[in-house]
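Sequence lines, in order, name chains A and B. Per our numbering, numbering through the first sequence is continuous, rising by one, with the last residue being 706. Per our numbering, numbering through the second sequence is continuous, rising by one, with the last residue being 802.
Possibly wrong hints are sitting among the right ones.
[What the hints assert, rightly or not] When the alpha-carbon atoms are kept at most 20 Å apart in a straight line, the in silico EDC-like pairs for lysine to aspartate or glutamate are as follows:
hint, chain 1, residue 1, chain 2, residue 2
1, A, 702, B, 613
2, A, 675, B, 613
3, A, 689, B, 620
No lab work stands behind these hints: they were computed from the structure.
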Amino acid sequence: MSKKKKSFREELERLETIVRTLEEEDIELDEALQLFEEGVRRLKDARALLEESDLTVKRVLEAADGTLRAKNLDR
Amino acid sequence: MRDVTRRARQLVESGFTLLWVRGEITGFKSYRSGHWYFTLRDAEAQVRCVMWRSDNEHLRGSPEDGAEVFLEARPTLWEEKGEFRLTVRRLVPTAAGGLWQIQLERAKAALARDGLLDPARKRPLPTFPRRIAVVTSVDGAALRDIISVLTRRWPSVELWVVPTRVQGDGAETEICAALERVNRVPDLDLVIVGRGGGSAEDLWAFNSERVARAVAAVRVPTISAVGHETDIALTDLVADVRAPTPSAAAEAAVPDRVSVAGTLDGTALRLARALTTRLDVGDERLARTADRLTSAMVRDVERRRNALERLVGKLDALSPIKVLARGFAVARDDAGRVLRRVADFPPGADFRLTVSDGDVRARRLAGDA
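Excised from the complex, chain A in its bound form:
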């Protein structure tokens, strides 16, 4: 249901791994550049998530057969 593939927590953990690898490990230049680019991309994604301003509010309805439906709640 959720449209984001990775959780925000996983994003942050990956970012931390990238930064630590760059800070601490002796890696090849092109690998460093790749990690850096990935880091910039993930930072942008993470920030985009923080910029979201519309809270999604759904109302849960139960059908006669017991299945649940979620309908956008009018506010």
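Fit chain B to the given chain A structure using the hints.
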């Protein structure tokens, strides 16, 4: 006989109006029919009492032996037994909290027996929930408060409202049903159950043992938020977290995006510094910019955000494409492997040089050292 008891009853009933009496309950018994029988006594007298189900069923619990109560009652005579007794219309415990307190203590003891109040049961809340369910009234202040806090702090979350009445007849059953529905919401991270402030009677459904057990049975972490700061409900005791108000529940449920943005700023700076060190470009200007950004960030969140965008722009300038634009080239063999050392170039070998706007073919001179 019958005439005697009937006349006695008529005499008693016409001799008294509805009256209030005070005493201690003893020999309390609740029959399957729902009618209550007990004796009210004080130091000098005692009298048998009956309280019909229609009069006791709206009470929050039954009294215990030894409880001191006020009764509003009508004296009568029970003809079949020739017994003088009171027909009780209203029963009010004299102790603070009264019957509710008694009932609450009983429920608490039952929950404790089943281990539901054990602190070891408490689960941690997820750090970044994506889907939160809220069990409350769809028209209540609680829902409005929760929506407002989530919108401010972490609007990328999805809020699923599972509506229920939170007070009045049938509220307990509805809340239990809503909590059971919560267990069927897919990909759920967290549940908030509660309502805004009200009278003790309004909040009573959240002191029901049945509702407390339904909260304990929710399969994801739960936050209970009932009434104002000082109100503590039974659901507060079984939930993983007790929040003093619905707004506080929303605060506990999600992180604050302003502080998370601060964390991201820090990560961005470290990323930039790590790369500049790595590239050994010795670009002091970038480091100085980063330092200036750091102090600017402390001052003003909004300015920090703009500053970060500028910084990200600078970081972007360091990406491989931009590096090439500054005059560097990457050598690759036909398989696309990057050639880094002299040994990677056998004499006479063909390779490709990638520069800023494309590739050129190249060959190592055979006689080159």
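Here's how the hints hold up against the structure:
Annotation: proposed proximity of residue 702 of chain A to residue 613 of chain B holds, straight-line Cα distance about 19 Å (limit 20 Å). For the given pair, residue 675 of chain A sits about 39 Å from residue 613 of chain B by alpha-carbon distance, which is inconsistent with the 20 Å threshold. For the suggested pair residue 689 of chain A and residue 620 of chain B, the alpha carbons sit about 14 Å apart, so the restraint of at most 20 Å is met.
When the structure is compared with the earlier hints, a violation turns up for hint 2 alone.
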